[in-house]
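Residue numbers (my numbering): 1122 to 1913.
There's no promise every hint is true.
As the list claims (entries may be wrong) - Here are the simulated BS3-like cross-link-like pairs (lysine-lysine), alpha carbons at most 27 Å apart as the crow flies:
#1 K1749 <-> K1569
#2 K1738 <-> K1685
#3 K1389 <-> K1404
#4 K1402 <-> K1622
#5 K1499 <-> K1622
#6 K1683 <-> K1506
#7 K1738 <-> K1749
#8 K1402 <-> K1388
#9 K1738 <-> K1575
#10 K1622 <-> K1598
#11 K1409 <-> K1623
#12 K1388 <-> K1499
#13 K1155 <-> K1388
#14 K1356 <-> K1749
#15 K1190 <-> K1749
#16 K1404 <-> K1351
#17 K1683 <-> K1172
#18 K1190 <-> K1683
#19 K1569 <-> K1388
#20 K1155 <-> K1738
#21 K1155 <-> K1685
#22 K1764 <-> K1749
#23 K1575 <-> K1239
#24 K1389 <-> K1506
#25 K1738 <-> K1758
#26 K1190 <-> K1575
#27 K1703 <-> K1172
Worth flagging that the hints you see were computed from the coordinates, not collected in a lab. In this text, all values refer to a predicted model and were calculated from it rather than measured experimentally.
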Amino acid sequence: FIALGGILPPEEVKERFDSNCITPGTEFMDNLAKCLRYYIADRLNSDPGWKNLTVILSDASAPGEGEHKIMDYIRRQRAQPNHDPNTHHCLCGADADLIMLGLATHEPNFTIIREEFKPNKPKPCSLCNQMGHEVKDCQGLPREKQGKHDQFADSLPVAEQEFIFIRLCVLREYLERELTMASLPFTFDFERSVDDWVFMCFFVGNDFLPHLPSLEIREGAIDRLVNIYKNVVHKTGGYLTESGFVNLQRVQMIMLAVGEVEDSIFKKRKDDDDNFKRRQKEKRKRMKRDQPSFIPGGQFSPQALGNRSSPQAISNPRQAAFEMRMHDRQNSTTSSPNTSLNSDGSPSLTGGIKRKAEDSDSEPEPEDNIRLWETGWKQRYYKNKFDVDASDDKFRRKVVQSYVEGLCWVLRYYYQGCASWNWYYPFHYAPFASDFEGIADMPSDFEKGSKPFKPLEQLMGVFPAASGNFLPPTWRKLMTDPESSIIDFYPEDFAIDLNGKKYAWQGVALLPFVDERRLRAALEEVYPDLTPEESRRNSLGGDVLFVGKHHPLCDFIVEQYKTKSTEAVDIPPELCYGIQGKLTLNENAVLPDQTVESPVPMLRDLSQNSAVSISFKDPQFDEDFVFKAIVLPGAKKPAPVLKPGDWEKTNNDGRPWRPQLGFNRDRKPVHLDQSAFRTLGHMMPRERGMPGMYANTVPLGTYGSPYARPLLSGQQQIPKLLSNLRPQESWRGPTPLFQQTPQRTAGAAPLLAWNRMLQSQNQYQPNQFQVLGGPMGYPQRPEDRMDRGRQV
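Based on the sequences and whatever the hints tell you, model everything.
Have a look at this one:
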């Protein structure tokens, strides 16, 4: 940039945002919890849509992952005798495991919504961080601040956020078709087969265990597991799981069946990888061959359509053409600085000159010492990954046992809650499927009564030394002091094993495992240094329930604060829309007629508050209680969306299949006349994102220049075409001296045909849209076209 004559903007000292602060126990998360409490109180006071809502806040001080805390709430509410089995659940999040968690509840009405990702959004310049230009057009000028803290600066126009709806009832229909098996030696139970499908997905990868080397989700590992499952389940004598508990003897049969095809999987993976590289190499050669050998510059240089503000005439074309020819001649006659001539006049490369990266036909590949596609892959794998010989059966069994414990822990975590807060998988890599021999006798019990880490203790276990500023000073010193007893937990440098991948973020970070006993022993010496505020942040919190003044439960909660009773009371289900649990007084409660202070200086305090909050606790059960993974009695199955396989056979009248999309099950078909169909056909888009026939909006992109002519609809293009076909004044020659009676010529026949076509177009238009509307060419109802969404 400097070589091109640009001026760099003055360097500004910026405070880098460390995303590690988004971890339970930090001051940032504590402030976030205060902001959430303020936000909920503000909405309950001012938003009519929140009038009858029951809001339960479980902030970072309550241990557990957010989605699993929600699932635990659903499980405990389902176990209540008066729970409504037709309750609708909606979970917002982008994690893939939300689908598995939703299926594990066996609720018929479960929907997951996630924000739609839209690529190619406008981005600021990477040099000056300003909008409106790219790096190549940057002038290097600093941006003027709008306000002291730049709070009045122009921001990007915020578009309305769109969401994707994933309806698990539709996914259950697909799974039912895929997993249904005939002639089983035991009774087929679809709900049990769904649990087995969720369990098999854990082998492909999850948040707690590495995936098996032979199972890659991008290679169709889930389909492979389903096929093996359907072939082997006849021999197992039953299902693999039941309400979150694993039958290891049956799982062993599945895993050994996968192990029989491991060798072929590795060889096919190598062949597919080689074929992909070969296609990419041929593609680069074609692109290089299709590039123009000469690109004119100056006034004759090509420009992208739509980028020119106004057309400009070429000045002095003769001189410009002469300079372009002379420049081309000099380039062809001048020798390259990296070449010299031999005695016979042929060019020779100068030694020591490295070829440019763009001249290479292939990209550098990471070194692969395992070579899973060659004989001896198991020996090389254990030697490189675990530094042991594959003949060490005792060590291999230890790895397999730890992995089996992890499978049992994860499944129980999904169906029953956290089985143990102390368990972890003590290796960086997974074993092979062929190593799962004799796992039926392996224990799968976990320590009962374990407790989670406190927030600051967890920060010491997950933070690197570079993020120690979020910890108390004496705690931070344990990360950096060379004399610290746990200094080995915080290495400054560590290796990343690509493990057959291409990028570092896909590899395995070889970090040391934290020893819980050593960590707690080291922290005992620095616990007295905590301030009262830090001690508060280091304590475990709970859930808080909020309601507004119009909620039926509001008066009941206010009465509890008046009595000042310290005992927990049960929630009357009739006052809280069926929600059950226990309530206890909260020290930092939001109370009516008391001001709610704003945690942000820019926001006002809520002086006229009418909302109320109280501590909430889910219904409690015995430690050995098992939540049944079944569909509750009385649950109504949603209307099917998929077309039945025997629809044509059972419906002889030829009626087309009309799936009911969306959530409105009582929608009645609307009958419209031909004019309404014609209007809808003109106004509705032909394709996604394209305007209707009456729209003259210029599309964005290449043709978005101010000199682009407006688009003509289908109705407008035909008359314009006819006007061009009719004889014009310039065709007739000189005006005759005397007017003559016009005679009918042969050219009038085509024009008459065009006019007849225009007259019949209105009759043709509705049929045209009926053919294009529905699937398989069937007429489609207008409301189906308008309500069509991207739903699963």
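Regarding the pair K1409 and K1623, is the alpha-carbon distance no greater than 27 Å? 24 Å, holds
Can you confirm whether the C-alpha distance between K1749 and K1569 stays at or below 27 Å? 20 Å, holds
Does K1749 lie within 27 Å of K1738 when you go C-alpha to C-alpha? 21 Å, holds
Mind checking the alpha carbons of K1190 and K1683 for me, to see if they're no more than 27 Å apart? 31 Å, violated
What's the verdict on K1155 and K1388, does the C-alpha distance respect the 27 Å limit or exceed it? Not satisfied, since the Cα-Cα distance of roughly 56 Å exceeds 27 Å.
Between K1388 and K1499, does the CA-CA distance stay at or below 27 Å? Distance of about 14 Å is within 27 Å: holds.
Would you check the hint for K1402 and K1388, treating anything up to 27 Å between C-alpha atoms as holding? 21 Å, holds
Given the hinted pair K1703 and K1172, is their Cα-Cα distance within 27 Å? 22 Å, holds
Taken at face value, is the distance from the CA of K1351 to the CA of K1404 at most 27 Å? Between K1404 and K1351 the Cα gap is close to 40 Å, so the pair fails against 27 Å, i.e. violated.
Hint check: K1683 vs K1506, CA-CA at most 27 Å. Holds or violated? 64 Å, violated
Are the Cα atoms of K1389 and K1506 separated by 27 Å or less? 22 Å, holds
Can the restraint linking K1738 and K1758 be considered satisfied, given a maximum Cα separation of 27 Å? Violated: K1738 and K1758 sit about 31 Å apart, past 27 Å.
Of the numbered hints listed earlier, those contradicted by the structure are 6, 10, 13, 16, 18, 19, 22, 23, 25.
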